[in-house]
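Protein chains: 2
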Amino acid sequence: MAKDFTKRSEDYSKWYNELVLRADMAENSDVRGCMVIKPYGYAIWETMQATLDKMFKDTGHVNAYFPLFIPKSFLSKEASHIEGFAKECAVVTHYRLINSPDGKGVIVDPDAKLEEELIVRPTSETIIWNTYRGWIQSYRDLPLLINQWANVVRWEMRTRLFLRTAEFLWQEGHTAHVTAKEAVIETEKMLNVYADFAENWLAMPVVKGIKTANERFAGALETYCIEAMMQDGKALQAGTSHFLGQNFAKAFDVKFSTKEGVQEYVWATSWGVSTRLIGALIMTHSDDNGLVLPPKLAPTQVVIVPIYKTEEQLQAISEKALAIKKQLEAKGIRVKFDDRDNQSPGWKFSEYEFKGVPLRIAIGPRDMENGTVELARRDTLTKSFHKQEELENLVPSLLEEIQQSLFDKALKLREDNTHKVDTFEEFKTLLEKGSFLLAHWDGTPETEDKIKDETKATIRCIPLDNALEDGVCIYSGKPSKQRVLFARAY
Amino acid sequence: MAKDFTKRSEDYSKWYNELVLRADMAENSDVRGCMVIKPYGYAIWETMQATLDKMFKDTGHVNAYFPLFIPKSFLSKEASHIEGFAKECAVVTHYRLINSPDGKGVIVDPDAKLEEELIVRPTSETIIWNTYRGWIQSYRDLPLLINQWANVVRWEMRTRLFLRTAEFLWQEGHTAHVTAKEAVIETEKMLNVYADFAENWLAMPVVKGIKTANERFAGALETYCIEAMMQDGKALQAGTSHFLGQNFAKAFDVKFSTKEGVQEYVWATSWGVSTRLIGALIMTHSDDNGLVLPPKLAPTQVVIVPIYKTEEQLQAISEKALAIKKQLEAKGIRVKFDDRDNQSPGWKFSEYEFKGVPLRIAIGPRDMENGTVELARRDTLTKSFHKQEELENLVPSLLEEIQQSLFDKALKLREDNTHKVDTFEEFKTLLEKGSFLLAHWDGTPETEDKIKDETKATIRCIPLDNALEDGVCIYSGKPSKQRVLFARAY
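Chain order of the listed sequences is A and B.
Once you know that position 234 of the first sequence is 234 in the numbering used here, the rest is easy, because the numbers rise by one and skip nothing.
Every number in the numbering used here is 1000 more than the matching position in the second sequence, counting from 1.
Rather than coming from a laboratory, the hints here were simulated on the basis of the structure.
Glycine included, each C-beta is placed from N, C-alpha and C at the ideal position.
Hints should not be assumed to be uniformly reliable.
Stated by the list, open to error - Distance condition first, Cα-Cα at most 27 angstroms in a straight line; then the derived DSS-like pairs of lysine-lysine:
#1 Lys1331/B to Lys1014/B
#2 Lys1057/B to Lys320/A
#3 Lys57/A to Lys1331/B
#4 Lys1054/B to Lys326/A
Claimed, not checked - If you want the footprint, here are the derived chain B segments under chain A, 3+ residues with CB under 8 angstroms:
#5 1026-1032
#6 1039-1051
#7 1064-1073
#8 1088-1096
#9 1114-1120
#10 1123-1137
All chains should be built: construct the whole structure from the sequences, respecting the hints.
Rendered as structure tokens:
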């Protein structure tokens, strides 16, 4: 058990913050709300990026890069967009500093005021659709399937590392289509890519669904989402995919001529996931001993620690360890051999346990005599002894097993804490325990708001696979055709 | 020859701008000085990134991410740094927009003024060294070898796509070391990585050298650089690696305790290359028919174009083409089969020629009868016929040959246009022709400035492999120990 480390049961939020800092994932910077992503956290983001990027390319998308700045006037062009975004944002008003007259540092040059202020992008629909106007003339130019990897800024007042920061890293896909139907198919396709990634890489089960009007992206006709349950029973929105209709095409006058030569507005989608996924990853699997990482995303999947007293012992162990490392690396496994001599094996064990390395192999002098190793699993904290020659086949299958086992455990947690409720009393009671609640709702934003005000629970989504079922709204008693998913959320 | 396309001999600068636009590499956005990098240009950047990233990791570096914003006061902490940077930059002064009282759009909320303005990073030494203070306590924490992939902003007044834009993409390495010697070794190591990348991937020969005090990075003790000759004889600085001494450690109070327990300031380096390299790539190899790309960086290395009249012909050709594609892809070659039926073969030939695809394979009905293909090389514009079964071995070796041939051609251009000069008259005459000039200089910034004022030529570098040689300064007539490299530059 890591020393002086808050337990989840004591204070989940404090546990999370301590974990992120102590595992060297990220830290707060001296710039309000902006984080520094440290190498260990960034390595996870790099694997996420590479994996998603391949998935996007396999589904026909290409990458491009659009400006960081958006002219203020662009934000007003799509009426509902400006309401939802661009209120809390970083505004560039000047473009020069000059030496301070008092000789101390620099001041903003009052003569270098921009004619029109620039907004640091909170999302890029406006600047991208302004650009697409020049790129799309004919149906031959469609579909346009573009993704961007970028940083964005939203001036959040209360920030938490990875989960909510003023600046964060993300990808945003922006596609353009001939028909509404094609755009909806794209929206759903990318939702499925996200769900696939969440479940098969993060080992995090998700509910796929559609947002209510209240929770919809500003400027979208329909927002699809994936929602995951964290260990405290709260929901985390892990990715969204928006069907934007013709809203942005109309706002930025993007038309194409059809095969028949008619001018029509283009249909749009946008979709994104961010460094928030790292927060989701942490809160899904980690425990009171620190990080637990699914093998597919662990920067180091296997660490080998030598246990020795003499230089000769180290040399013999190193030779064996490097042979094992090479063997495993040939199978595509990320292995680290930690032969630093300024830290004890015990220190190293704690370190890698805290940092969530899925498998630890220890080799001592007796192992060398017996041709064995000690193998420790991070997820179960169990140890076992194996013949050295078994490792080549055992390690890959164990990594798969861990990946699956983490998913199963997370799924069980969600299933155990998802309930159908039919009364508002039951709703409130179960909510306190941390639950996903499937309940009838009368379909009005008013009722949704009232439930939120009274309980802090929001409708996370209308699940895609929802069965239709007659019932009455738990709050208003009015008739309802289906249950929706309520939870408190990050 | 591409229609309505400016020739290099007519107007090199116009040729460049047209090329970037017509080859779909990038375009200017509606945000002053900021470019949109289009998918074709971005694909080249992605290959550059992936290649460099691997080179950085192979030399022990890891990636991290630091904030986009820098508090204004940070910039003043290193005296010479603020003089060189942070004057022309984007300044964030407010963090909120509100609805305009006249109901038209949004205005900046006067009540949401930041206490301290934030600067959009022009480079990250200050924010990173402010962070390193918390990361470095002991010699055990060193060396710290970190790289960042990021966007940066410098408010340039005259911008050109890729070469000089207000926002650009780059990587910046920031390392911390125990001794000055170790930091210098790192500075030189990364210069060599850049030179290796420029020569072996961009096929662009470079001169490695050291900048004079005038041209040194603001805050560095020594700036190393690689300089390449463009086709017009002008120089382009393609990458820099800085030995920063203890300047930033002192400015941000970053000390470590040595093995002996003494507190010392840390030694630093920083090094970077940017999307500017894409401009260098274009100006090194491209011609009056459009882009010429070295195979290693070409998004598509081989394009296969079917020539057919009937549906049956297309089907037979497609089968063969896809078999060839599969065969070549198995060898790691990037192949595109363009069977679009809404463009003619002639149109496609022009298109891929303009976009610099290194090899084009055309297959028609007669080729199908004879088991042949027509193969066209983009660099030489030559065509040849080959048996289909030869392609598997021929194509990889041809791609290598093209890569080498582009390098050789660029090297010859540079050698033909590099001259030793001993008089200022000769200097001025040869400079007009577009040359690299090796000339004696008296070592003073004053002389350097005067030569620049009179000729627009700057000292690009003092070449690393310079032979010492007694001589007299071409301008002042004062004694000199070595020749330095002069040129006009981008």
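### Message
Under 8 angstroms between beta-carbons, do enough residues of the region 1123-1137 of chain B, three at least, approach chain A for the coverage claim to hold?
### Response
Satisfied; 4 residues make the cut.
### Query
Three or more residues of the region 1114-1120 of chain B near chain A by CB distance under 8 angstroms?
holds (count 4)
#### Entry: Verdict on chain A covering the region 1039-1051 of chain B, criterion of 3 CB contacts below 8 angstroms
holds (count 5)
### Satisfaction of hint between Lys1331/B and Lys57/A, Cα-Cα up to 27 angstroms
Distance ~20 angstroms between Lys57/A and Lys1331/B Cα, so the pair holds.
### Query
Does Lys1014/B lie within 27 angstroms of Lys1331/B when you go C-alpha to C-alpha?
39 angstroms, violated
### Task
Check, residue by residue, whether the region 1026-1032 of chain B contains three or more positions whose beta-carbon lies closer than 8 angstroms to a beta-carbon of chain A, and give the verdict.
Holds: 4 residues of the region 1026-1032 of chain B have a Cβ under 8 angstroms from chain A.
### Query
Does the region 1064-1073 of chain B contain three or more residues whose Cβ lies closer than 8 angstroms to a Cβ of chain A?
holds (count 10)
#### Entry: chain A covers the region 1088-1096 of chain B, three or more CB atoms within 8 angstroms, holds or violated
holds (count 9)
### Message
For Lys1054/B and Lys326/A, compute the direct alpha-carbon distance and say whether it is at most 27 angstroms.
### Response
19 angstroms, holds
### Query
Straight-line Cα separation of Lys1057/B and Lys320/A no greater than 27 angstroms?
25 angstroms, holds
Consistency note: the structure conflicts with earlier hint 1 alone.
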